[in-house]
Amino acid sequence: MFTKRALLSVLVVPAVLGSAAFAQAGRDYISAAGSSTVYPFATTVAEQFGKAGKFKTPKIESVGTGGGFKLFCNGVGAQYTDISTASRAIKASERDSCAKAGVKDIVEVKIGYDGITVANSKKAPLFKLTRKELYLALAKQVPDPDNTQNLIANPYKTWNQINKALPAYKIEVLGPPPTSGTRDAFVELVMQAGCNNFAWIKALKDVDEARFNKVCNSIREDGGYVEAGENDNLIVQKLQSNSNALGIFGYSFLEENISQIQGSTIDGVAPTFENIATSTYPVSRPLYFYVKSAHVGVIPGIQEFVNEFVSDRSMGAEGYLVNKGLVPLSKDELAKVRKTVAVLKK
Amino acid sequence: MNRSVAETRERVEKSLKRRRWAELRFKTYGLCAVLLGLSFVVLLFGSLIAQGWSAFRQAYVVIEVHYDPAVLNPEGTATADDLAVADYAALVRTSLKTRFPDVEGRAATKQLAALVSNSAAQTMQKRLAEDPKRMGQRETLRVLASDKVDQLLKGRIDRTVPEADRAVSDQQLAWIDALVKDGSLSLAFNKGFFTQGDSREPEQAGVWGAVVGTLYTLAMTLALSFPIAVAAAIYLEEFARRNRWTDLIEVNINNLAAVPSIVFGLLGLAVFLNIFGMPRSAPLVGGLVLTLLTLPTIIIASRAALKAVPPSIREAALGMGASKVQMVTHHVLPLAMPGILTGTIIGMARALGETAPLLMIGMVAFIVDVPKGLTDPATVLPVQIFLWADSPERAFIERTSAAILVLLLFLVVMNATAVILRNRFERRW
Chain A
1 MFTKRALLSV
11 LVVPAVLGSA
21 AFAQAGRDYI
31 SAAGSSTVYP
41 FATTVAEQFG
51 KAGKFKTPKI
61 ESVGTGGGFK
71 LFCNGVGAQY
81 TDISTASRAI
91 KASERDSCAK
101 AGVKDIVEVK
111 IGYDGITVAN
121 SKKAPLFKLT
131 RKELYLALAK
141 QVPDPDNTQN
151 LIANPYKTWN
161 QINKALPAYK
171 IEVLGPPPTS
181 GTRDAFVELV
191 MQAGCNNFAW
201 IKALKDVDEA
211 RFNKVCNSIR
221 EDGGYVEAGE
231 NDNLIVQKLQ
241 SNSNALGIFG
251 YSFLEENISQ
261 IQGSTIDGVA
271 PTFENIATST
281 YPVSRPLYFY
291 VKSAHVGVIP
301 GIQEFVNEFV
311 SDRSMGAEGY
321 LVNKGLVPLS
331 KDELAKVRKT
341 VAVLKK
Chain B
347 MNRSVAETRE
357 RVEKSLKRRR
367 WAELRFKTYG
377 LCAVLLGLSF
387 VVLLFGSLIA
397 QGWSAFRQAY
407 VVIEVHYDPA
417 VLNPEGTATA
427 DDLAVADYAA
437 LVRTSLKTRF
447 PDVEGRAATK
457 QLAALVSNSA
467 AQTMQKRLAE
477 DPKRMGQRET
487 LRVLASDKVD
497 QLLKGRIDRT
507 VPEADRAVSD
517 QQLAWIDALV
527 KDGSLSLAFN
537 KGFFTQGDSR
547 EPEQAGVWGA
557 VVGTLYTLAM
567 TLALSFPIAV
577 AAAIYLEEFA
587 RRNRWTDLIE
597 VNINNLAAVP
607 SIVFGLLGLA
617 VFLNIFGMPR
627 SAPLVGGLVL
637 TLLTLPTIII
647 ASRAALKAVP
657 PSIREAALGM
667 GASKVQMVTH
677 HVLPLAMPGI
687 LTGTIIGMAR
697 ALGETAPLLM
707 IGMVAFIVDV
717 PKGLTDPATV
727 LPVQIFLWAD
737 SPERAFIERT
747 SAAILVLLLF
757 LVVMNATAVI
767 LRNRFERRW
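Chains A and B, in that order, give the protein sequences.
The numbering of the first sequence is our numbering, which starts it at 1 and goes up by one.
The numbering of the second sequence is our numbering, which starts it at 347 and goes up by one.
If a hint is listed, it holds; no wrong ones were tucked in.
Cβ-Cβ distance ranges computed for the label pairs, FRET-style:
| no. | chain 1 | residue 1 | chain 2 | residue 2 | range |
| --- | --- | --- | --- | --- | --- |
| 1 | B | L389 | A | N242 | 19 to 29 Å |
| 2 | B | Q457 | A | N242 | 30 to 40 Å |
| 3 | B | A453 | A | D28 | 38 to 48 Å |
| 4 | B | P420 | A | S279 | 38 to 48 Å |
Taking lysine-lysine pairs in the DSS-like style, the calculated list, with each CA pair at most 25 Å apart, reads:
| no. | chain 1 | residue 1 | chain 2 | residue 2 |
| --- | --- | --- | --- | --- |
| 5 | B | K472 | A | K54 |
| 6 | A | K324 | B | K456 |
| 7 | A | K238 | A | K128 |
| 8 | A | K140 | A | K202 |
| 9 | B | K537 | A | K56 |
| 10 | B | K456 | A | K51 |
| 11 | B | K500 | A | K238 |
| 12 | A | K324 | B | K500 |
| 13 | B | K718 | A | K54 |
| 14 | B | K537 | A | K51 |
| 15 | B | K479 | A | K54 |
| 16 | A | K51 | B | K472 |
| 17 | B | K479 | A | K51 |
| 18 | B | K360 | B | K373 |
| 19 | A | K140 | A | K164 |
| 20 | A | K70 | A | K345 |
| 21 | B | K472 | A | K56 |
| 22 | B | K443 | B | K527 |
| 23 | A | K51 | B | K718 |
| 24 | A | K324 | A | K122 |
| 25 | A | K238 | A | K123 |
| 26 | B | K500 | A | K122 |
| 27 | A | K56 | B | K718 |
| 28 | B | K456 | A | K331 |
Chain B stretches covered by chain A per the calculated footprint, using a threshold of three residues with CB under 8 Å from any CB of chain A:
| no. | stretch |
| --- | --- |
| 29 | 712-719 |
| 30 | 732-745 |
Derived from the structure by calculation, the hints contain no laboratory data.
We treat Cβ as the ideally placed atom computed from N, Cα and C, and that holds for glycine.
Please construct the entire structure, taking both the sequences and the accompanying hints into account.
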């Protein structure tokens, strides 16, 4: 069947190429692109939405949050994406570039939370960490322990040098590379928070923000922190074979592999579903998607797709997204989100 | 330097032993290299097959379902559209509850329902849409079990770990054992893996969408790159004069062959999508980008093949009064064909393994529907492998390996075709 069609298409190609008239106005499926963290959730909704049969299954691309906004902000028209998924809120600069291309009405939809966990193999003892300890273990430069306002190259080699209560393991943390949204969130929620424990560094923020960022955001490069690639599964596998190492990844990977790995407590709070949902667990970030209002009503099914996304059967406390590891919004937040998306067309 | 014959002989005999030793050593090194290479191949295939083989089988549950009008069509006024979105999942739950009547309470029902894939509801919906007369009737259906049950039956979930650390609860274990005992839960050939597109539910995910996308993309690539590359090679080798320009072109072609593939993706994004306004994620654009990628490889191989045709053939053809075009098409090209085909296959094999350039043009995407044409959104096998490898569900691990096996099979078929074609054209002199 398809071979005949393929053959035909191959013959037709030159004609198509020549005409260059890709009347893209005819796109009959939703096109979304963005964060690889939101990808598993967006795709699940897309599949359910497609199965209902009224509309085609939306196409979801995994290009990273920044890349998603780039595509999204290219302009209005069927060749540009309708929805951008993101593991952080849109930046002002991104809104500006959107507006320049004529993308003015953007609806922000918060879908839930993702916890970032620091985990290790169950064969090793459970780590009870604080954000300050994580900062001291992973920063490129740390304050001199003798309390002067000096920065020295990170001298810590083992965990018990930072806190005697921690195991005498070598500091070896597998985590995402700088291109990853998870890394951005980790730096912001852990490293900067840990940094703020030192009053003089905290004071820097108002005086010399560039220096503050350099001090707090730089991660050590002497082998204590290992960039293990964007693939979280790889980190999980490495943790299983190396029980001395810790790994940094999203909560859904901890949930799927709970028989082999354990999540360290951070500031005394364990990374559990309940703790992330109630924001007791300190290292969690909101997930979003953004809808281009101008496309609603032009590309079929956008309003319906968004309705499906925020419906009880997907985002509700027992919805299918929750089964996929999404930490849902609180009732009030969900009600608010539903109100904003009720009418997307401006 | 006058030596007697005996002296020379003695010297040769002395060195002979040493030279034989050297030869033996050299042979052993070569053999070791081959063995090392082979053992890596065996290791690769061994681990892939060990990991991926189980994905070709899938757990199915046989359940008896009732197309209950009280649930599907409570008011009796439902149209076909209403029936498409009716609550079939409730019917699946009811069916499971009739099998295990002592299950009570919301939590327990939810656990029970989790044994069956959510595609069961869809199967029911499709069956009813096919034949509306099924309304009110009962039938026995074979539906997919959920990925957790599947992994348990395949021994990939350890029963011995404490319940809190296990994806399947003790209660679920008891139900599964009961179902296995009466024969309604078992492993069977996983047809869906070869006939369906991608899915976020591991048990429903298949490679067919990616295979079709790959076929379209490669067909497009072959249809463009083969004629263009051969024409370019013939012109450069047979017609073009040797001067600074042809030298420049040659250097450029050689350089292009070594350009990182992501660059072609960026080019494709800038030119095909942004200037020509072609659709994102389409095999059409994928084929164009991969054509750019494979062209230099095929041109270089084709030129080498044309060069290898002995000049005597050309001279003889011209001497018999053939025109230059006749000389090329009747004599040189057929003789160079085996080499050209080898180059083409090498180029196509490279195209088959690419994901980086496709990211830029939107083919790294979640696509459920099997593409039906060159402009439908599609993805390709290596991208499918990449996406599955990054999924949190553990059941995707075996599917990733299985998809790699399918990709390797694809490669083997392609290479085999090339060998057959080459042997048909091959001529020795």
